[in-house]
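Kindly generate the complete structure, drawing on both the sequences and the hints.
If you're matching them up, the sequences are chains D and G in order.
Note that the UniProt record's numbering numbers the first sequence so that position 54 is 54, with each residue one more than the last.
Note that the UniProt record's numbering numbers the second sequence so that position 423 is 423, with each residue one more than the last.
Keep in mind the hints are simulated off the structure, nothing from the lab.
Any given hint could turn out to be false.
Simulated pairs of lysine to aspartate or glutamate, EDC-like, Cα-Cα distance not exceeding 20 Å [stated by the list, open to error]:
(1) G:K199 - G:E405
(2) G:K47 - D:D51
(3) G:K325 - G:D202
(4) G:K47 - G:E421
(5) G:K166 - G:D324
(6) G:K325 - G:E278
(7) D:K52 - G:E405
(8) G:K199 - G:D324
(9) G:K201 - G:E405
(10) G:K394 - G:E405
(11) G:K393 - D:D51
(12) D:K54 - G:E405
(13) D:K44 - G:D324
(14) G:K393 - G:E405
(15) G:K166 - G:E364
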Amino acid sequence: MSSPITTWEGAAAVFTFADSPLGIAISLAAAVGVYLYLNLSIMKHERDAFDKHK
Amino acid sequence: MSVETLQSTFEMHQSMNVEVFYWWCTAIMFMIHAGFLAYEIGASRVKNALTSGMKNILTLSVIIPTFYFFGWWIYNAFPNGLIPIDASAALPWSQSMGPDIQDMGTGIFFAAFALFGATTGSILSGAVIERIRLSAFLILAAILGSAVWILAGAWGWHPSGWLLTKLGYHDVGASGVVHAVAGFFALGVLMNLGARVGKFKDGVAMYIPPHNLPMSLIGLMMIIVGFFGFLGGCIIFNGGDTGWTTIYGNPTNLSAFAFNTLMGFAGGVLGAYMTSREPFWTMSGGLGGIISVAAGLDLYYPGLAFVLAASGGALMPFIGRLVDKLGVDDAVGAVAVHAFCGFYGVVLVGVFCSGYPNVGDLPEISFSGQLLGAVIMALTGFIPGWGISFVLKKMNMLRVPPHVEALGLDLVEIPAKPYPETVPAHVVVENTLEPGQEKQLV
Chain D
1 MSSPITTWEG
11 AAAVFTFADS
21 PLGIAISLAA
31 AVGVYLYLNL
41 SIMKHERDAF
51 DKHK
Chain G
1 MSVETLQSTF
11 EMHQSMNVEV
21 FYWWCTAIMF
31 MIHAGFLAYE
41 IGASRVKNAL
51 TSGMKNILTL
61 SVIIPTFYFF
71 GWWIYNAFPN
81 GLIPIDASAA
91 LPWSQSMGPD
101 IQDMGTGIFF
111 AAFALFGATT
121 GSILSGAVIE
131 RIRLSAFLIL
141 AAILGSAVWI
151 LAGAWGWHPS
161 GWLLTKLGYH
171 DVGASGVVHA
181 VAGFFALGVL
191 MNLGARVGKF
201 KDGVAMYIPP
211 HNLPMSLIGL
221 MMIIVGFFGF
231 LGGCIIFNGG
241 DTGWTTIYGN
251 PTNLSAFAFN
261 TLMGFAGGVL
271 GAYMTSREPF
281 WTMSGGLGGI
291 ISVAAGLDLY
301 YPGLAFVLAA
311 SGGALMPFIG
321 RLVDKLGVDD
331 AVGAVAVHAF
341 CGFYGVVLVG
351 VFCSGYPNVG
361 DLPEISFSGQ
371 LLGAVIMALT
381 GFIPGWGISF
391 VLKKMNMLRV
401 PPHVEALGLD
411 LVEIPAKPYP
421 ETVPAHVVVE
431 NTLEPGQEKQ
441 LV
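The structure is reproduced here in structure tokens:
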């Protein structure tokens, strides 16, 4: 389903969803989401940890 | 075998060699980060050791994806200044930005540049230890490592960058685009972050000793090892019959880099030792020496490179003391090592290499071009560093609260201890003495 190729002959971009803009968009959005969530989770961890040790 | 087949096989192997070369440069560059990890953990007090290490590990892990999201595109889109050109192949949804069996260049160059970017984040990381919020640091590191330095790189470290095409700017080993930019960015952040509690008493800088200086020294040596990957990644391995060139297109080779990297290291160490006698500065001198000559690695006579590196290494401790006198707490001397030596290295090329031609009809190397380029690098780093950290400070997001700084960041934030079985040294000594023997030591 995610393969953009049916044969290796003449293939170029072979990564998952290479022929599916929607697949790339979802994957990329998820990657950005993980990155943003990391930042938010660190902020939350800091806030909780700082409060706990007041 | 036909001539066409031989030609095709030769070209395939040449492309594979290019990939292999940059693959290993990238791998060796990871040693820079292993080095910064040890360096910063050692430079911290015990109560902050793991937080410093955690910050370093996460630096890599935020800069690599953000460099993929937008950093590589910035490099390709902004050689002319602040107006982007078409660089759609470098956008993260492009067919080039993933496994492509016809493309043996994009991924490997992306990787090398991502690691250059991660180096800038690590340069910032050391300066701000023991009081910056991890969240704020990671925002700043991503901006520095995936936007700021690479914008400077597009201007001054790109075959079509405007600093090259207008000024003849020459900075092959990234003295300016990596070290000066990151060092001045760090200076801007430090001005808003403020000093560690206890660093200054009545305006006089106090010495806050690292908890493990030997670890810091080993870390610095590991950074030097990583520099061979970094500087190897600065040279262009061309296909065809062109051979090695600099990023500006002029011919060079790894032999040129080898002469002057080694002489730069040696000169920097000796220079720093002569003016400091202190192990931290002496070992940092190796780094400062290489940075002082990196911009002209392809051109200097090795004897000259040695002298120039020695001068950079010798001046570095004085710059560190000047930074202290200005009330800025730079915990690892990043401003002296990277901002000063990076700036100095770019200007030195103007002093000693003026008149060297660039390729084609590009302007030749000149003192004014190098000086202006160095100032642009400094401002490109300092302005966003100061500005963004100022905003974070106003939002109370930059620095940990005073009670956390007093307790130590490890106790508050990290669910682990760096040395859980450690007993204070005086207890160990007392336990090994015969009764009454301790009095003889007093």
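Comparing the hints with the structure gives:
1. Simply put, K199 (chain G) and E405 (chain G) have alpha-carbon atoms about 13 Å apart, close enough for the 20 Å limit, and the pair holds.
2. Restraint check: the Cα-Cα separation between K47 (chain G) and D51 (chain D) comes to about 18 Å, which is no more than 20 Å; the hinted pair holds.
3. Between K325 (chain G) and D202 (chain G) the alpha-carbon distance is near 12 Å, which keeps this suggested pair within the 20 Å criterion.
4. Restraint check for K47 (chain G) and E421 (chain G): the C-alpha separation of about 15 Å stays at or below 20 Å, so the hint holds.
5. Straight-line distance between C-alpha atoms of K166 (chain G) and D324 (chain G) comes to about 37 Å, which puts the hinted pair past the 20 Å bound.
6. Between K325 (chain G) and E278 (chain G) the CA atoms are separated by roughly 19 Å; this keeps the pair inside 20 Å, and the hint holds.
7. Only pairs whose Cα atoms come within 20 Å are accepted, and K52 (chain D) paired with E405 (chain G) is accepted, the gap being roughly 14 Å.
8. For the hint pairing K199 (chain G) with D324 (chain G), the CA-to-CA distance comes to about 9 Å; that is within 20 Å, so the pair holds.
9. Between the alpha carbons of K201 (chain G) and E405 (chain G) the distance comes to roughly 17 Å, so the proposed pair stays at or under 20 Å and holds.
10. Straight-line distance between C-alpha atoms of K394 (chain G) and E405 (chain G) comes to about 19 Å, which keeps the hinted pair within the 20 Å bound.
11. A C-alpha spacing of about 19 Å is found between K393 (chain G) and D51 (chain D), which places the hinted pair at or below 20 Å, so the restraint holds.
12. Using a Cα cut-off of 20 Å, the hinted pair K54 (chain D) and E405 (chain G) holds, with the two alpha carbons roughly 12 Å apart.
13. A C-alpha spacing of about 34 Å is found between K44 (chain D) and D324 (chain G), which places the hinted pair above 20 Å, so the restraint is violated.
14. Pair hint K393 (chain G) plus E405 (chain G) holds up; C-alpha atoms about 16 Å apart against a cutoff of 20 Å.
15. The suggested pairing of K166 (chain G) with E364 (chain G) holds, with an alpha-carbon distance near 10 Å, which does not exceed 20 Å.
Of the numbered hints given earlier, the model fails hints 5, 13; all others are met.
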